[in-house]
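S.K.: Sequence:
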Amino acid sequence: MAIFAVNTTKAQSVHILDKPFPVVDSTLDSIWTSYMQLDTIQGLQKVKDLRLWGAKQKNDYVKYGTRLAELKYYIYKIKGFRNADSEFTKLIADVEDKPAELRAQVYYVYSLYLFNDYSTALAAFENGLNAYDIYSKLTARQFPKKSLCLFNLGISYYRFKDYEDGKKIFLESIAARPLYKAPLKEMIYNALALCYRNTGVYDSALYYFHEAYQMSIRPDSVWMGIIIGNIGITYYLQGKYDEAIPLLQTDIRLGLRGTQVSNTAKSIAVLGDIYLNTGKEAEGMKLLKQAYHLIDSNNKWTDYDLLQYVYPILAKAYIKNGNAALAYAFLDSALRVRDSIGSQRNALTLAKAKQNLATQKYNMKVREAESQRNFNVLLRDALIVGILLLAVIALLIINRQKIRHNQNLQKLEVEKWKAEVDKRRAESELVTAEHRLADFTRSLKEKNELIEQFASEIERYKTISSEQDRVSQQDALLQLQRSTILTDDQWEDFRSLFEQVHSGYLNRLREKLPLLTPAETRFITLSKLKLSNKEMAGVLGISNDAVRMSKHRLRKKLNLTTDEELEQVIETI
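The sequence shown lines up with residues 26 to 598 when you count with this note's numbering.
Some clues are possibly wrong.
Unchecked claim - For each label pair, taking beta carbons as the anchor points, the in silico distance ranges come out as:
1) I117 <-> N348: 54 to 64 Å
2) D142 <-> K73: 23 to 33 Å
3) V456 <-> I412: 53 to 63 Å
4) K582 <-> Q333: 39 to 49 Å
Unchecked claim - Listed next, the in silico DSS-like pairs over lysine-lysine satisfying Cα-Cα at most 25 Å (straight line):
5) K115 <-> K104
6) K186 <-> K470
7) K81 <-> K97
8) K104 <-> K73
9) K88 <-> K73
10) K162 <-> K44
11) K345 <-> K314
12) K102 <-> K73
13) K555 <-> K537
14) K210 <-> K186
15) K123 <-> K97
16) K305 <-> K345
17) K97 <-> K73
18) K73 <-> K44
19) K193 <-> K210
20) K88 <-> K102
21) K470 <-> K553
22) K582 <-> K559
23) K559 <-> K576
24) K123 <-> K88
25) K470 <-> K576
26) K537 <-> K553
27) K582 <-> K553
28) K162 <-> K88
29) K206 <-> K102
30) K83 <-> K97
31) K581 <-> K553
32) K581 <-> K555
Keep in mind the hints are simulated off the structure, nothing from the lab. Ideal Cβ positions, reconstructed from N, Cα and C, are used throughout, including at glycine.
The whole structure should be built from the sequences, with the hints applied where relevant.
M.R.: See the structure below:
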């Protein structure tokens, strides 16, 4: 069998020497897949031999395609391979003047390699866009992976929470005919439906989910269960429990047979919540415990998209059950998950802002390179003319003056571009600060809302709880309330963000109202953000009456008679 495999590979290799890119790419993919199934020693020798053979060929698709195949083997097969970035950089430089299909392929594979790490999200996005800039000008017959590349670029937009641009790319992927391979089409429709669901457009989400489901109906389709579950969750979000229940039950039954742990656990938790909301508390608790066990046994504690569904449902269930300690534990975990997701969202927002800046820098570098190339051409021509026509000294002098003039113009253009980039950098930093301040404020509001929900649930169950349970519930509520108070360290972070967004406000406040106490300064900054008395009380760790009294004393200190006058002063500083 080994001899047959070797001979088959050789025959395939020779077969592609005079073939166009689609044939070469498909054949090399097939060879690479067969090498991935060998043990590491055999596989390393095979990809090395393939690359050495390809280096001798005149067909660029073969020469550089075999190099890419070897690099792909190393990054996906050899753990701890550290030379990927430098090897990709060399390969990108070597194919710079080669056919467009090759350049798009290299950028695309590099973006996939970088995609799964938040620290390289910007580089992955940038290389994905570099690939898009090339293959968007090709047809799917010239570049067969066009629909697949567009799908993965759409997933990048989805990861950045940019659902509108994600929808555009997914629709472009559907239009790239022929599509690459099954089950790509149902994957695209499912992702497009998720974009609509995450923006609350449920009718469009259900349309594309149903389209994806029709494509997924086949015996070996893992996507059939996933899509059924997504339809069920969409009905759940709309409050249509009767339609959601049978779909979620089907997804759970299919999911428990396979390896789709996160989707299955989410569907189990959602079905449990439906039962809790419809009076079937015993069945609901049983399902929620099953979801928790599935998460625990598969070590899914960093799957924040899953946990943000499950933790709040568990907290609500234990509040109904009268178990204040577990309810508080899951509420606290839900807040931690929400903070983690917020941190990831902030990191991705910052990465996207940097990506916009990187695009500007890239365009500037292209212009600089074109200017340098033009300069080199002019200088070469001048030298040739100088060697051949030594007598024409006057012409050379004029030519050199033109070159100097062009250089000055080029330098002025570069300086102009640099100024524009600096301006965009400042704008990007301001946008990032505004997002972070908004997230900071929203997080405080959400925590206060959770406290109110928890407090109301405790009040509801006071009549059916023992004295010991009521004391435990009150202690849990106090702990949760303390978690919303703005500490001195958090105040410093908050003040830094506030100053970035409202530049100079605190200095102007000190100049106009120098006798304000630190507490009054905090009160005014929170009022500037339009927080209500209740929200400010939670942040400052005081009662609503204390907030009203602080506002009254501040009005008296500033000789103001009404709250409206105080708000006007705060806004006009």
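S.K.: With reference to the structure, classify each hint as holding or not holding.
M.R.: Right, here's what the structure says about each hint:
At about 58 Å, the beta-carbon gap between I117 and N348 stays in the expected band of 54 to 64 Å. Take D142 and K73: their Cβ atoms lie about 27 Å apart, and the range 23 to 33 Å holds. One distance hint, 53 to 63 Å for the beta-carbon pair V456 and I412, holds here, with the actual separation near 55 Å. For the hinted restraint 39 to 49 Å between K582 and Q333, the CB-CB distance of approximately 44 Å keeps it satisfied.
The hinted pair formed by K115 and K104 meets the criterion: a straight-line CA distance of about 21 Å does not exceed 25 Å. Restraint check: the Cα-Cα separation between K186 and K470 comes to about 21 Å, which is no more than 25 Å; the hinted pair holds. Taking the CA atoms of K81 and K97, the gap is near 20 Å; set against the 25 Å cutoff, the hint holds. Taken as a hint, the K104 and K73 pair is honoured in the structure, with Cα atoms around 18 Å apart against an allowance of 25 Å.
Of the pairs offered as hints, the one joining K88 and K73 holds, with about 13 Å between alpha carbons and a cut-off of 25 Å not exceeded. Pair hint K162 plus K44 holds up; C-alpha atoms about 21 Å apart against a cutoff of 25 Å. Annotation: proposed proximity of K345 to K314 holds, straight-line Cα distance about 15 Å (limit 25 Å). The straight-line distance between the Cα atoms of K102 and K73 is roughly 14 Å, inside the 25 Å bound, and the hint therefore holds.
The straight-line distance between the Cα atoms of K555 and K537 is roughly 21 Å, inside the 25 Å bound, and the hint therefore holds. Between K210 and K186 the alpha-carbon distance is near 22 Å, which keeps this suggested pair within the 25 Å criterion. For the hint pairing K123 with K97, the CA-to-CA distance comes to about 20 Å; that is within 25 Å, so the pair holds. Simply put, K305 and K345 have alpha-carbon atoms about 12 Å apart, close enough for the 25 Å limit, and the pair holds.
Pair hint K97 plus K73 holds up; C-alpha atoms about 12 Å apart against a cutoff of 25 Å. Note on K73 and K44: the hinted pairing holds, with a Cα-Cα distance of about 22 Å set against a maximum of 25 Å. In summary, the hint linking K193 to K210 is supported, as the alpha carbons are separated by about 15 Å, within the 25 Å threshold. Taking the CA atoms of K88 and K102, the gap is near 22 Å; set against the 25 Å cutoff, the hint holds.
For the suggested pair K470 and K553, the alpha carbons sit about 15 Å apart, so the restraint of at most 25 Å is met. Among the hinted pairs, K582 with K559 is consistent with the structure: their alpha-carbon atoms are about 23 Å apart, no more than 25 Å. The hinted pair formed by K559 and K576 meets the criterion: a straight-line CA distance of about 13 Å does not exceed 25 Å. For the proposed pair K123 and K88, the alpha carbon gap of about 11 Å is at most 25 Å, so the pair holds.
Using a Cα cut-off of 25 Å, the hinted pair K470 and K576 holds, with the two alpha carbons roughly 20 Å apart. The straight-line distance between the Cα atoms of K537 and K553 is roughly 16 Å, inside the 25 Å bound, and the hint therefore holds. With a CA separation close to 18 Å, the supplied pair K582 and K553 stays within the 25 Å bound. Restraint check for K162 and K88: the C-alpha separation of about 23 Å stays at or below 25 Å, so the hint holds.
Note on K206 and K102: the hinted pairing holds, with a Cα-Cα distance of about 23 Å set against a maximum of 25 Å. Between the alpha carbons of K83 and K97 the distance comes to roughly 22 Å, so the proposed pair stays at or under 25 Å and holds. Of the pairs offered as hints, the one joining K581 and K553 holds, with about 19 Å between alpha carbons and a cut-off of 25 Å not exceeded. For the proposed pair K581 and K555, the alpha carbon gap of about 21 Å is at most 25 Å, so the pair holds.
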